[in-house]
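Colleague: Following the hints, position chain B against chain A.
Residue numbers (numbering that gives the first Met the number 0), protein chains in the order written: chain A, 0 to 182; chain B, 0 to 125.
Don't take every hint at face value.
[To be verified] In silico contact screen, one side only, chain B against chain A (beta carbon under 8 Å); selected entries:
(1) Ser13
(2) Asp26
(3) Asn56
(4) Met57
(5) Thr79
(6) Gly80
(7) Leu85
(8) Lys101
(9) Phe103
(10) Gln117
(11) Pro121
Calculated directly from the structure, the hints in this document are not laboratory data. C-beta: ideal position from N, C-alpha, C; glycine also.
Spelled out, the chains give:
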Amino acid sequence: MSSNNLQLVKRKLENMTSSPNKMAPVVRAEYINPFIESVNNLFHTMLDCHVHREKLALNLTVQPSRDIVGLVGLSGNIQGIVSIAFPVKTAMKLVGTLYHEELVVVDEKVTDAIAEVVNIVAGGAQAIINQNMNKPIELSIPTVIRGNRFTINYPKLTSWIEIPFYSDLGEFMIRVTINSKEI
Amino acid sequence: MKALVVDDSLLARSLLVGALKEIGISDVDQASDGLSAVKLTLQESYSIIMIDWNMPNMLGIDALRSIRKKDIETPIMMVTGLADALHIQEAIQAGVNDYMIKPFNKKQAIEKITSLLQIEAPKACC
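Isolated chain A, as found in the complex:
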């Protein structure tokens, strides 16, 4: 991502966090940009595919989903959750590309690969974030959820930054909720 784009993301986040909505916590750009960078790196390296980010949003709730969602927890100075939600169509194309085969059903192969994708994205972001942290953040082992209109509730963490992406393989959404002890 160019420095202009990074500045733009930073400004947008600053605008969002200066809103009169008192429920919205401050989420620093340096906690969000690493995830964007990490997604770009994964798509470029493993899938040889371009991906672009669309407009960021800040939401207090996550709507019920039919997607395949990979979750990984963050602990340490930053506590939070990173989720990547793939519509089934995108997940099938993405995993099929990784295996060089056409997939027709969502099976263990698909959910395993989505867990690995989330793990890699979170790991890449963790490395960037840790460069500037005195106490490193740690990651949990990823979990994948797939169901029919499920909702994920995390009452202690009050808002989600949503980062929609579009790629040649289809759309997907990263959601990050962070509670920083440093704020």
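Modeller: Relative to the frame of chain A, chain B by itself:
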């Protein structure tokens, strides 16, 4: 040559097995956790071990320490999404010979494996 690939992700194992096959190593054992990996190293002799960090049962880093404690000197490559300097340093102190950060593609994996084993990479690859 025989290899051991240890990762709880089927995808990661599949990509590494594919890269090993490309350089002529098709005799590959697989494990999905650190504990199984340690057990396998006591039963078999390997030319190379490729191991993930974050796994259930036993972390890759603990498996690595356990393998080295048993005086097994097989070249070991940590293959993980943990890309920060602290983790790399910890792995080196535990006795790892090389470290490959995820994401990787087949070409990068082949380069790393051939370099660690000091063998030639196939001419037409990927």
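Colleague: Each hint should be assessed against the structure and marked as holding or not.
Modeller: Okay, the hints, checked on the actual structure:
The closest approach between the C-beta of B:Ser13 and any C-beta of chain A is roughly 7 Å, which is under the 8 Å cut-off, so the hint is satisfied. The interface hint given for B:Asp26 is violated, since its Cβ lies 22 Å from the closest Cβ of chain A, which is over the 8 Å cut-off. Because the smallest distance between the Cβ of B:Asn56 and any Cβ of chain A comes to about 11 Å, over 8 Å, the interface hint for this residue is violated. A least Cβ separation of about 12 Å between B:Met57 and chain A goes past the 8 Å threshold, and the interface hint is therefore violated.
For B:Thr79, the shortest C-beta to C-beta distance to chain A is roughly 7 Å, which falls under 8 Å, so the interface hint holds. For B:Gly80, the interface hint holds, since its Cβ comes within 8 Å of a Cβ in chain A; the closest pair sits about 3 Å apart. Residue-level restraint check for B:Leu85 holds (minimum Cβ-Cβ distance to chain A is 6 Å; threshold 8 Å). Against a cut-off of 8 Å between C-beta atoms, the interface hint on B:Lys101 holds, since the closest Cβ of chain A lies about 5 Å away.
Contact between B:Phe103 and chain A, as hinted, is supported at the beta carbon level, the nearest pair being about 7 Å apart and thus within 8 Å. Restraint check, B:Gln117 versus chain A: the minimum CB separation of about 25 Å is more than 8 Å; hint violated. Against a cut-off of 8 Å between C-beta atoms, the interface hint on B:Pro121 is violated, since the closest Cβ of chain A lies about 18 Å away.
In summary, the structure is inconsistent with hints 2, 3, 4, 10, 11 from the numbered list given earlier, while agreeing with the others.
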